[in-house]
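In the order they appear, the protein sequences are chains A and U. To convert, count from 1 in the first sequence and add 18; that's the working numbering. To convert, count from 1 in the second sequence and add 938; that's the working numbering.
Treat the hints with care, as some may be off.
Derived DSBU-like pairs (lysine-lysine); straight-line CA-CA distance at most 30 Å [said to hold, decoys possible]:
hint: 1; chain 1: U; residue 1: K995; chain 2: A; residue 2: K119
hint: 2; chain 1: A; residue 1: K87; chain 2: A; residue 2: K113
hint: 3; chain 1: A; residue 1: K95; chain 2: U; residue 2: K995
hint: 4; chain 1: U; residue 1: K1008; chain 2: A; residue 2: K87
hint: 5; chain 1: A; residue 1: K95; chain 2: A; residue 2: K40
hint: 6; chain 1: A; residue 1: K113; chain 2: A; residue 2: K40
hint: 7; chain 1: U; residue 1: K995; chain 2: A; residue 2: K67
hint: 8; chain 1: A; residue 1: K67; chain 2: A; residue 2: K40
hint: 9; chain 1: A; residue 1: K119; chain 2: U; residue 2: K991
hint: 10; chain 1: U; residue 1: K991; chain 2: U; residue 2: K949
hint: 11; chain 1: A; residue 1: K76; chain 2: A; residue 2: K40
hint: 12; chain 1: A; residue 1: K87; chain 2: A; residue 2: K40
hint: 13; chain 1: U; residue 1: K1008; chain 2: A; residue 2: K119
hint: 14; chain 1: A; residue 1: K113; chain 2: U; residue 2: K1008
hint: 15; chain 1: U; residue 1: K991; chain 2: A; residue 2: K113
hint: 16; chain 1: A; residue 1: K40; chain 2: A; residue 2: K119
Simulated restraints on C-beta separations [claimed, not checked]:
hint: 17; chain 1: U; residue 1: G978; chain 2: A; residue 2: Y79; range: 22 to 32 Å
hint: 18; chain 1: U; residue 1: V990; chain 2: A; residue 2: T70; range: 30 to 40 Å
hint: 19; chain 1: A; residue 1: T70; chain 2: U; residue 2: P956; range: 22 to 32 Å
hint: 20; chain 1: U; residue 1: G978; chain 2: A; residue 2: E33; range: 48 to 58 Å
hint: 21; chain 1: U; residue 1: T958; chain 2: A; residue 2: Y57; range: 22 to 32 Å
Far from chain A, some chain U residues (derived; all Cβ distances over 12 Å) [stated by the list, open to error]:
hint: 22; residue: V950
hint: 23; residue: K1008
hint: 24; residue: T1020
Worth flagging that the hints you see were computed from the coordinates, not collected in a lab. Values in this document were obtained by computation on a predicted structure and should not be read as measured data. Note that CB positions come from ideal geometry on N, CA and C, so glycine has one too.
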Amino acid sequence: AQSVAQPEDQVNVAEGNPLTVKCTYSVSGNPYLFWYVQYPNRGLQFLLKYITGDNLVKGSYGFEAEFNKSQTSFHLKKPSALVSDSALYFCALPKGGATNKLIFGTGTLLAVQP
Amino acid sequence: DAGITQSPRHKVTETGTPVTLRCHQTENHRYMYWYRQDPGHGLRLIHYSYGVKDTDKGEVSDGYSVSRSKTEDFLLTLESATSSQTSVYFCAISERAGGIGELFFGEGSRLTVL
Chain A
19 AQSVAQPEDQ VNVAEGNPLT VKCTYSVSGN PYLFWYVQYP NRGLQFLLKY ITGDNLVKGS
79 YGFEAEFNKS QTSFHLKKPS ALVSDSALYF CALPKGGATN KLIFGTGTLL AVQP
Chain U
939 DAGITQSPRH KVTETGTPVT LRCHQTENHR YMYWYRQDPG HGLRLIHYSY GVKDTDKGEV
999 SDGYSVSRSK TEDFLLTLES ATSSQTSVYF CAISERAGGI GELFFGEGSR LTVL
C-alpha cells in the first residue's frame, strides 16, 4: 500500500545553516511526490513536486528536494535557513498513482532559531 | 492566493447537532477536497469531488457526507457531530487530478464539538 512517512516530529536549525526535512515513501512503481508548507493558522501551500526526470527538484522560497529511489526518500533541503522558514512541512503522494487522493505525512515542525 | 473561501472559520457546537461547512471557490477548478487536520495524523482525506454531483469517499469518511450541486461549492456535513470530529477542516481545490496537479488550500475551519 502506498504510504509516506516523516520520521521527525520537529527539526531545529540555526539561521544560516543548511536544513533537511526527511520523508520516506512506499509505492509500487514510479512515485509522484510533493512537499507542502503550512504557516501558523494558514492552509497548506505547495512547495514542489517530483513527477519524473531530474532527481533534484527546485521549488518555491529557495527549497529543493532530492529524490532517491534506492533509499525511497524525498528529503526537503535548503542551503541556508531563515527564521521565516519556521513552519510545518508535509510530504505527500497520491494514493493509487495519479489519482485525486493525495495522502499526507504527519508533518515535521521546522524551527529556525535566530 | 487561490480564490477559496471556507465558512464558518470557527464553530463551537454540541454533540448530536448537525453541522455544515462550506467551501466556495472562484477558480472554476474541477476537483475539490475536504481534509481534516489532527495532531499526530497530519491531514486525512474525508471526501473529494471530481465534478458536479460526482463525489467519492476518502480515508476517514464515516460520519461525514458531502454535496456538490455547483462547480464552485462543496459542502461537508456532519449529520450528528461527535467529540471525535473536533478538528480543523481544510478545503482544497485542484485543476487536475491530485497526483499531477497541485492542491490549493483554504484557510481552514476550526470545529469544536462539546
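To see whether the hints hold, each was checked on the structure:
1. With a C-alpha separation of about 9 Å, the suggested pairing of K995(U) with K119(A) holds against the 30 Å cut-off.
2. At roughly 18 Å between alpha-carbon atoms, K87(A) and K113(A) fall within 30 Å of each other, so this suggested pair holds.
3. Pair hint K95(A) plus K995(U) does not hold up; C-alpha atoms about 34 Å apart against a cutoff of 30 Å.
4. A threshold of 30 Å between alpha carbons decides the hint, and for K1008(U) with K87(A) the separation of about 41 Å lies outside it, so the pair is violated.
5. The suggested pairing of K95(A) with K40(A) holds, with an alpha-carbon distance near 9 Å, which does not exceed 30 Å.
6. Proximity of K113(A) to K40(A) is assessed by CA-CA distance (about 20 Å); at most 30 Å being required, the pair is judged to hold.
7. Proximity of K995(U) to K67(A) is assessed by CA-CA distance (about 25 Å); at most 30 Å being required, the pair is judged to hold.
8. Our distance criterion of 30 Å between C-alpha atoms is met by K67(A) and K40(A), whose separation comes to about 15 Å.
9. Note on K119(A) and K991(U): the hinted pairing holds, with a Cα-Cα distance of about 18 Å set against a maximum of 30 Å.
10. Proximity of K991(U) to K949(U) is assessed by CA-CA distance (about 26 Å); at most 30 Å being required, the pair is judged to hold.
11. Distance hint between K76(A) and K40(A) is fulfilled; the C-alpha atoms sit about 16 Å from each other, no more than 30 Å.
12. The suggested pairing of K87(A) with K40(A) holds, with an alpha-carbon distance near 14 Å, which does not exceed 30 Å.
13. With a C-alpha separation of about 21 Å, the suggested pair K1008(U) and K119(A) falls inside the 30 Å cut-off, and the hint holds.
14. Note on K113(A) and K1008(U): the hinted pairing holds, with a Cα-Cα distance of about 26 Å set against a maximum of 30 Å.
15. Our distance criterion of 30 Å between C-alpha atoms is met by K991(U) and K113(A), whose separation comes to about 22 Å.
16. For the hint linking K40(A) to K119(A), the alpha-carbon distance of about 22 Å falls within 30 Å, and the restraint holds.
17. At roughly 26 Å, the beta carbons of G978(U) and Y79(A) sit within the given window of 22 to 32 Å.
18. Range check, V990(U) to T70(A): about 32 Å between beta-carbon atoms, so the 30 to 40 Å window is met.
19. Between T70(A) and P956(U) the C-beta distance comes to about 45 Å, which lies outside the given range of 22 to 32 Å.
20. For G978(U) and E33(A), the Cβ-Cβ distance of about 28 Å falls outside the hinted range of 48 to 58 Å, so the restraint is violated.
21. Taken as a hint, the range 22 to 32 Å holds for the pair T958(U) and Y57(A), whose Cβ atoms sit roughly 27 Å apart.
22. Consistency note on V950(U): stated as away from chain A, and its beta-carbon is indeed over 12 Å from all of that chain's, at 17 Å minimum.
23. No Cβ of chain A comes within 12 Å of the Cβ of K1008(U); the nearest lies about 19 Å off, and the non-interface call holds.
24. Residue-level check passed: T1020(U) sits 23 Å from the nearest beta carbon of chain A, beyond 12 Å.
Violated hints for the displayed structure, listed by number in ascending order: 3, 4, 19, 20.
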